[in-house]
Amino acid sequence: MKKKLILSLLATTLAATSVVGCGSGSTETTTTSSKGETGTTVSASPDAAKDTTSGDKTVVTMWIMPNSGEAEADFMTMLEPFLEANPDIEVQPTVLDWGSAWTKLTTAATSGEGPDITQLGTTQIAAIAAMGALEDLTPVYERFGGEAAFVDATLPTTQILGAGEERYAAPWFIDTRALFYRKDICEAAGVDPTKDFETWDSFKAALTKMKDVEIDGVKVPALGMPGKNDWNVIHNYAPWIWGAGGDFIAEDNKTSVINSDEAFKGVKFYTELATEGLMSMPALEKNSSEIEALFNAGEFASMFSGAYEIATLRKEQPELAEKVGTAPIPEGPEGRYAFFGGSGLSVFKNSKNKEAAYRVLEYLMTPDAQIAYQEKCGNLPAVKAAFETEFVTREEMRVAFKEQLQYGKAYPSVAGWGPSETLLQKGLSNVWDNIMGVFGPYDPAKTQEFLDQTASECTTIYSQQ
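Taken in order, the sequence shown gives residues -22 to -1, 1 to 443; the numbers are from mature numbering (1 follows the signal peptide of the UniProt record, and there is no 0).
Since the hints were made in silico from the structure, they are not lab data. We treat Cβ as the ideally placed atom computed from N, Cα and C, and that holds for glycine. Do not rely on the hints blindly, as some may be mistaken.
Subject to a maximum C-alpha distance of 30 Å in a straight line, what follows is the list of computed DSSO-like cross-link-like pairs (lysine-lysine) [stated by the list, open to error]:
hint, residue 1, residue 2
1, 246, 161
2, 206, 35
3, 35, 327
4, 424, 173
5, 232, 424
6, 301, 232
7, 173, 293
Pair by pair, the computed Cβ-Cβ distance ranges are [claimed, not checked]:
hint, residue 1, residue 2, range
8, 366, 161, 52 to 62 Å
9, 65, 384, 39 to 49 Å
10, 239, 186, 19 to 29 Å
Using the sequences plus the hints, can you model the full thing?
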């Protein structure tokens, strides 16, 4: 795969998403995390994160994203046991804001002036690796516990699909969505959460019962979900596409199949929950953060959200939290699949401190470190052993997320996925416009038309890989 072709694809992504390139020095930026949290992050240019030494210590430089409310402080607190046990290593993290991280990463990949370690989103790993910028970690994977140590669905994201067995990252944490539901509304509606959310058909029947229930004299929508004005548009569709037997890319890794009969069936089932009155139509104007806030205010009977919602509920609405349960995403006619995203950790090939970097990664892959970090960040660990601890048993709402691990599925780990996300987002957003009557009365044929157009555009990108 030619680097100039990858760069061309990345340039397409940056142009389409209007990402502002990084300047020199440090900048202060208002950031939005994958959970919709905003805050102020100090981020540096690639030149600010060069290899350094400090006395007898090896200084490992590291880029991380704003994974928690106090990104740098939370990371360093989690790292304290490692630093105490390894006084010869110093770790210097730099927090990159989500908006400019991609520009900085690609600049580092092409210039060779990046940190020792970097966090990468699961959909970014293949693209940066295809540029020849990342160290193959396969020879040191046993130091992280080996492949068997990680949740199975995380491993494909560490490779370039169809391009060998090399692994360019170690899975760090998992972002996935499960069903949050109101126990009291289920009881009033005669819905049994232990079985009525199991399949698409039973889920739809349960929503039908829940939509007519009054709590304190008020009827609340059965399901609240964001629509096109959300950063998780593709994530929200994915389980329904997969559950119907559809996919995003064909086995040749070059052809988009988002318009297949199976994918259309999944998209149609999910979106028509709104036209059938089972999903709040006004909610489709909102984003994930707004939907979560409304659910926490008692506005919806159910929603799909990430594990981070558990901590938010416990902190902000402790009384309501006692009335909330969780369940894995329902099983479709062709299986049960849960979207798995999150992040991995990679070592830049030009790092001069690889051995020290591996020691840092070795610690970050331990169950204790993974649990300690996700207690602060709110997502899920990527190592299996973490789920056999009190991390799960002391919080009943995490049990469904543990069960859902076996159904995890990630997007195809190909270099062209990043550039195609903008096109997928646009096409699937047009489907929501169709549902909401923007183009006139809802027409399923219009949905197919948008999927056909999206498939054609995405195939153009994938065929250049």
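We went through each hint and held it up to the structure:
no.	hint	verdict
1	246 / 161	holds (28 Å)
2	206 / 35	violated (49 Å)
3	35 / 327	holds (21 Å)
4	424 / 173	violated (34 Å)
5	232 / 424	holds (25 Å)
6	301 / 232	violated (46 Å)
7	173 / 293	holds (29 Å)
8	366 / 161: 52 to 62 Å	violated (26 Å)
9	65 / 384: 39 to 49 Å	holds (41 Å)
10	239 / 186: 19 to 29 Å	holds (26 Å)
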